[in-house]
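Student: From first to last, the protein sequence lines stand for chains A and B.
Residues in the first sequence are numbered from 1 upward in steps of one, following UniProt numbering.
Residues in the second sequence are numbered from 1 upward in steps of one, following UniProt numbering.
Hints are not guaranteed to be accurate.
All copies of an identical chain are treated as equivalent in the list; a pair is satisfied when it fits inside any one copy or across any two copies.
Claimed, not checked - Cross-link-like lysine to aspartate or glutamate pairs, in silico, EDC-like; alpha carbons within 20 Å at most:
#, residue 1, residue 2
1, Lys226, Asp156
2, Lys21, Asp49
3, Lys255, Asp244
4, Lys21, Asp195
5, Lys255, Asp48
6, Lys194, Asp23
7, Lys21, Glu251
8, Lys21, Glu2
9, Lys255, Glu18
10, Lys226, Glu254
11, Lys194, Glu166
12, Lys226, Glu200
These are calculated hints, taken from the structure and not from any lab test.
There are 2 protein chains.
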Amino acid sequence: MEGSYPLQARNTVRRHRERAKYDFETVHSIVNASPILHVSFLPTNRDDDPFPTILPMIGYMGSFDGSSMGALDLYLHGHSASRVMRLAGNDRPEGIPVCVAATLLDGIKLSLTPFNNSCNYRSVVLHGYASIVTVEAEKEWALRLITDGLVPGCWDNSRVPPTRAENLSTSVLRVHVASASAKINQGGPSDDRKDLQDDEVTGRVWTGTLPVWESVGTPVPSITNKVAQVPEYVVQWRQNHNADNELYAREALEKGK
Amino acid sequence: MEGSYPLQARNTVRRHRERAKYDFETVHSIVNASPILHVSFLPTNRDDDPFPTILPMIGYMGSFDGSSMGALDLYLHGHSASRVMRLAGNDRPEGIPVCVAATLLDGIKLSLTPFNNSCNYRSVVLHGYASIVTVEAEKEWALRLITDGLVPGCWDNSRVPPTRAENLSTSVLRVHVASASAKINQGGPSDDRKDLQDDEVTGRVWTGTLPVWESVGTPVPSITNKVAQVPEYVVQWRQNHNADNELYAREALEKGK
Chain A
1 MEGSYPLQAR NTVRRHRERA KYDFETVHSI VNASPILHVS FLPTNRDDDP
51 FPTILPMIGY MGSFDGSSMG ALDLYLHGHS ASRVMRLAGN DRPEGIPVCV
101 AATLLDGIKL SLTPFNNSCN YRSVVLHGYA SIVTVEAEKE WALRLITDGL
151 VPGCWDNSRV PPTRAENLST SVLRVHVASA SAKINQGGPS DDRKDLQDDE
201 VTGRVWTGTL PVWESVGTPV PSITNKVAQV PEYVVQWRQN HNADNELYAR
251 EALEKGK
Chain B
1 MEGSYPLQAR NTVRRHRERA KYDFETVHSI VNASPILHVS FLPTNRDDDP
51 FPTILPMIGY MGSFDGSSMG ALDLYLHGHS ASRVMRLAGN DRPEGIPVCV
101 AATLLDGIKL SLTPFNNSCN YRSVVLHGYA SIVTVEAEKE WALRLITDGL
151 VPGCWDNSRV PPTRAENLST SVLRVHVASA SAKINQGGPS DDRKDLQDDE
201 VTGRVWTGTL PVWESVGTPV PSITNKVAQV PEYVVQWRQN HNADNELYAR
251 EALEKGK
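Excised from the complex, chain A in its bound form (with noise of 0.2 Å):
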C-alpha cells in the first residue's frame, strides 16, 4: 500500500525527525502489531471536568468498502455501555475527537549515563473522528477483523456469528483518521564524546541494549474446554508471533549506529 499521511502541524515530528515515519505502510503494521491501543478522548463539559480520559482498547485497521485510497480506517470494539460509546453515539454523526496511542516497547539501552540511556520502540500516535458503526455487515465485518487482528484465525474457530443479544452488548468504533505519524528508534546507546573519551568511565560502566519482546507462553485449557488439541491456528500464530517478536528486537538494535 503506497501513499503516506499529509504532514501537518499537529503530526509532524519535531524531536529525532529522524525517527519519523509518515507512510501508510509503517503506521498501519505499527497498530496493527499493537494488541493494547491507548485511546483518549476530551470531557463532555470542560468547565466541569477539566481531565482528558485514557481508554485501553483492542482494535485493528482496515477499510470496509475498500474506498480508502489507502488510509484505512481504526475499529475498535468495546462494550455498548463504555463511557466512549455512549459518548460517540450521543447525537455526534460527525463522530468525537480521539486521539489514539499504540505503542511497542523493543529494547533498554543503558548509556555511560542515566541521560543518555533510551528505548528502542515503534509508536504511533494518529488523531480522528471516532462514530460508532450502525451499519450491521460493517459491524460484523469490523468484529471479525478485530478478532482475527489479535489472533489470526479465530472468528473461523469459533461459534459464530454473533448472536442478537451479543450483538447489541457490543459496539464498534470507526476512527476516520486525520492525522497520524509513527516514530521508530533503533540502534544501541550512543553517549557523549567526554565520556567516551574518560577511561575511568568507560572502564567500569557498562553499555549496551536489552531487548525486550512479547512473550506467549503454553496454551492453558479452561476448565470447560472438551478439545484436546490445542488448535494449530493457535499454535501457529504463537510460534510465529514470539519468534518474529524476538527476532525485531534482536534485529533493531544492530541497526542504525
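Go by the hints and put chain B onto chain A.
Tutor: Positioned in the frame of chain A, the structure of chain B alone reads:
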C-alpha cells in the same frame, strides 16, 4: 502503605466493578511495573484544535518529602523542548490537567465465541495536575527514581551526577494525583450456558488462556562498550523480571473462576 484513592464520579469503575481496586498499593505497583506510560493532555486552544494528544513516557511514583500520607506523586521525564513540557512550564504553576494510563497485558482468553473472548490485564487510569519540577534536589531525586524504576541499580552503576548541560535539557514533570483507579482481570475464559450445553460447539472449539508477558533477552554490548562482564545488577534484574512476569501471567489465569 495503607489507604485508598477516594471514589469520585471520575474514577469510579462502572462496568465489571468486581475488577476495580482503589488502594494505593495496587495503583502504585501497576504504574511502577509499566515500562511505558501513556500521558494524555488537552489542546491549548480547543477552537483551533479539537483533539487531545497522547505521549508515551517513562515514569515512577514517589514522594519527595515523604509527606504524601500514602498517595504518591507520579514523576515523568522528558526532553525540555517537548510539547507537554512547554505546556506545563508555560505560566501554569497549578499544573496542566493530564490523564495517565498504565496497562499490562497478562493473557489472551479464547472462549467458545469471539463475543466472550477477553484478556487478563492490570490497568490504571489516573488524573492529575502536571507541573515542571523546579527544585534541583527534587529533580535529581526524581531522575534517579525514574532511572532505577526501569532497571534498579542503574543510577549508581553509571556516570553520575548529571552535568549542567544534561540537567538543562531534561525536564521532570510531577503529576499531583487528583483521582485514580485500577482494574484487574484474572482467571480463565467464561462462556454462556447455551454455548456450553451445545455439544457441537464444545466438541470443536478449544477454549483456554494464552499467558502473555514482557520478556527481556540476553544483553548485547554496545560497539563502544569496554566492560567484559554484563554487570550483576543487569543480570539479576533481567532474571527476576522475566521470572516474575511469567509467574504472574501463569498464576493470574488460574485465579477466579
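Student: Taking the hints in turn, state whether each one holds.
Tutor: To see whether the hints hold, each was checked on the structure:
| no. | hint | verdict |
| --- | --- | --- |
| 1 | Lys226 <-> Asp156 | within (18 Å within a copy, 54 Å between copies) |
| 2 | Lys21 <-> Asp49 | neither (35 Å within a copy, 22 Å between copies) |
| 3 | Lys255 <-> Asp244 | within (16 Å within a copy, 30 Å between copies) |
| 4 | Lys21 <-> Asp195 | neither (31 Å within a copy, 46 Å between copies) |
| 5 | Lys255 <-> Asp48 | neither (49 Å within a copy, 40 Å between copies) |
| 6 | Lys194 <-> Asp23 | neither (37 Å within a copy, 46 Å between copies) |
| 7 | Lys21 <-> Glu251 | within (19 Å within a copy, 39 Å between copies) |
| 8 | Lys21 <-> Glu2 | within (13 Å within a copy, 46 Å between copies) |
| 9 | Lys255 <-> Glu18 | within (14 Å within a copy, 46 Å between copies) |
| 10 | Lys226 <-> Glu254 | between (45 Å within a copy, 18 Å between copies) |
| 11 | Lys194 <-> Glu166 | between (63 Å within a copy, 13 Å between copies) |
| 12 | Lys226 <-> Glu200 | between (63 Å within a copy, 11 Å between copies) |
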